[in-house]
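A.B. asks: Since the structure of chain A is provided, determine the placement of chain B on it from the hints.
Chains A and B supply the protein sequences, listed in that same order. Numbering of the first sequence is given in our numbering, commencing with residue 1 and proceeding in unit increments. Numbering of the second sequence is given in our numbering, commencing with residue 1 and proceeding in unit increments.
Derived by calculation from the structure, the hints in this document are not laboratory data. Predicted model, so just to flag it, every value in this text is computed and none were measured. Think of the CB as a built atom: it goes at the ideal place given N, C-alpha and C, for glycine as much as any other residue. Be a bit skeptical, because a hint or two may be false.
Said to hold, decoys possible - Quick list of in silico lysine-lysine cross-link-like pairs, DSSO-like style, CA-CA up to 27 Å:
id, chain 1, residue 1, chain 2, residue 2
1, A, Lys12, B, Lys202
2, A, Lys105, A, Lys4
3, A, Lys154, B, Lys202
4, B, Lys335, A, Lys236
5, A, Lys158, B, Lys301
6, A, Lys39, B, Lys241
7, B, Lys156, A, Lys234
8, A, Lys154, B, Lys241
9, A, Lys158, B, Lys335
What the hints assert, rightly or not - Which chain B residues face chain A? A few, computed with CB under 7 Å, are given here:
id, residue
10, His148
11, Arg243
12, Asp245
13, Leu248
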Amino acid sequence: MIYKAIIADDEKELRTYLKRMLAETWPQLEICGEAINGKEAMKLIDDFAPHIAFLDIKMPGLSGLDVAKKIAGVCHIVFVTAFDQYAVEAFEREAVDYLVKPVTKERLLQTIHRLKKHLQSSPEPSEGLTQMITHVLAGLQDNPRTDRYLRWIKTQHKDCVRLISVEEIDYFQSGDKYTLVMTAEGEALIKKSIKELSRELDPQKFWQIHRGTIVNVSRIEIVARSFTGRGVLKLKNRPDTLTVSRQYLHLFRQM
Amino acid sequence: MTMEERYETEYVFKYWLNFNNVLTDFIINIIICLLIALAVTIIGPIKDFLTNFVLVQSIGITGSLTVFFSLLIFRPRSWTLFLFIAGVAICCSVFIGLQISIFILQYFLNTHLDLWTHNLGLQAVIAGIIFSFIDLYFFITKITTRYHNTMIEQEKIRRTAMEKEYLAANLKMLQAQIEPHFLFNTLSNILSLIDTSPHKGKSMLLDLTNYLRTSLSRTLPEKTTLSQEISMIKAYLDIQKIRMDDRLNYTIDVPDSLGQKSFPPMLLQPLVENALKHGLEPKVEGGEIIIRAIEENNVLKIDVADTGLGFSDLDKPGLGIANVRERLHLLFGEKGRFIIEENDPCGVRAIIEVPINDI
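One chain only, chain A, in its complex shape:
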């Protein structure tokens, strides 16, 4: 029986390399398609119903893991990765086939040997695999969109939109219609209200200290207490002081 496979990798040179290595080590295997991203890989799998899919983990759009999650049970999967310690550990644990780049001949032969054995049986949608992938995906999020806090403030500046990272901001102060964004470089106006900001900013890094003020915690130099029972905040590298109303004073102790 002739087995069919597809290769998915966003790097052209690496696709050709794997294809060449496979031609050497498993000449009977037919490579019926090459994909340059996850979406294309999905399409190839739909069109050709290959027995095996070699999936690079890191691809633009859909990653190899995303694809695998969707096609679990449709064909045998071999993950290819340059460097994902976390994923590799999970693959080892779950006995999933994987290759590390640069792919060596010995390793590829081993994998082929295992594949040939597995191919006797049809790929079953295993609960374990899907679960493992979900796990790995969660663990691999070195990227960004995991916690949902506001990181960038967009302000209109002449004819362009300026991006201010929240780390740069000393404090927010509510104005008539707009909110004032104070940074070391100057000030800018945004439409978001203090109320909205207090919901969206990371509460570990930004504290609302007054009805109209949110301060960047890392910029606080000292907190003093005034006679009226309110707090007075002095900021680093700034002349201005901010008032902490009584109801927010608790922020400065229970930590």
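C.D. replies: Here is chain B on its own, set in the frame of chain A:
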């Protein structure tokens, strides 16, 4: 009832569990009562100091003890409750205190004071209650102020510790700059090119060497020229160009005259890396990077623009960006500027401005 009140009242409670604190406050209370007795002798209806002294001290001591014990027993968690308990205790103790003082005056000093039959009794009760409340207010303010000061001290200590951690993290970041993904993918590319087109493989290996030599050096050279920096960035982009093929295009536009100007090392590189990592690599169709340097009023302006995914509001800015800002500030103070804008029609434009200097 706010958390704030809970912590404050709790502190007062704990403060009075300490014997030394109780003793100090007891002595202070006796002194305050002495002063009140003096004041009452001067302005009050009874002109005999000793009588006043006995009156005030008995009310003071009975009052402080009743307030002290009732607070320990009921342990109020809000100021309203606290004041209620203290108020009841004060009112009772004023009567008891007065009765005790009448007893003391009669049996030890042979002075008969007929308080209850005159207006004098009412005056004594009202004065006793007012003075007791003032006295209580004094102690509460004293203890809460002390509480707030300790809290501020603790906060300061915590903050210093956090800053230390931050510096350590920063150092770690600087030491681990090369992405293993990038390195292993590049090596795989070279391995493949050795068979198919050795020339291309060779030049990629040279680019990698150039890139690694600069990135791995633990100490940055004091001064480099802009063109030295650009040649390193070009090496990096050439590697990426082979990896990403037609998903990446780049243009570098730096006039020769500006290339000879001095420019701090490793300031531009994080921006280019960021543009690729967050902008172009994750974008399916890829895009373009344009690096341009111009001179304007003795300011060297360099901008790195990409047509990648851009930043959503929630994207974490890379550590590289924070580092660039920090170093720029350390090197040039107010004169160094770092701006990030949205690029037209998509992606990000990062602009660095430094004062122009010949090397």
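A.B. asks: Please write out, lowest number first, the hints stated earlier that are contradicted by the structure.
C.D. replies: 3, 8, 13
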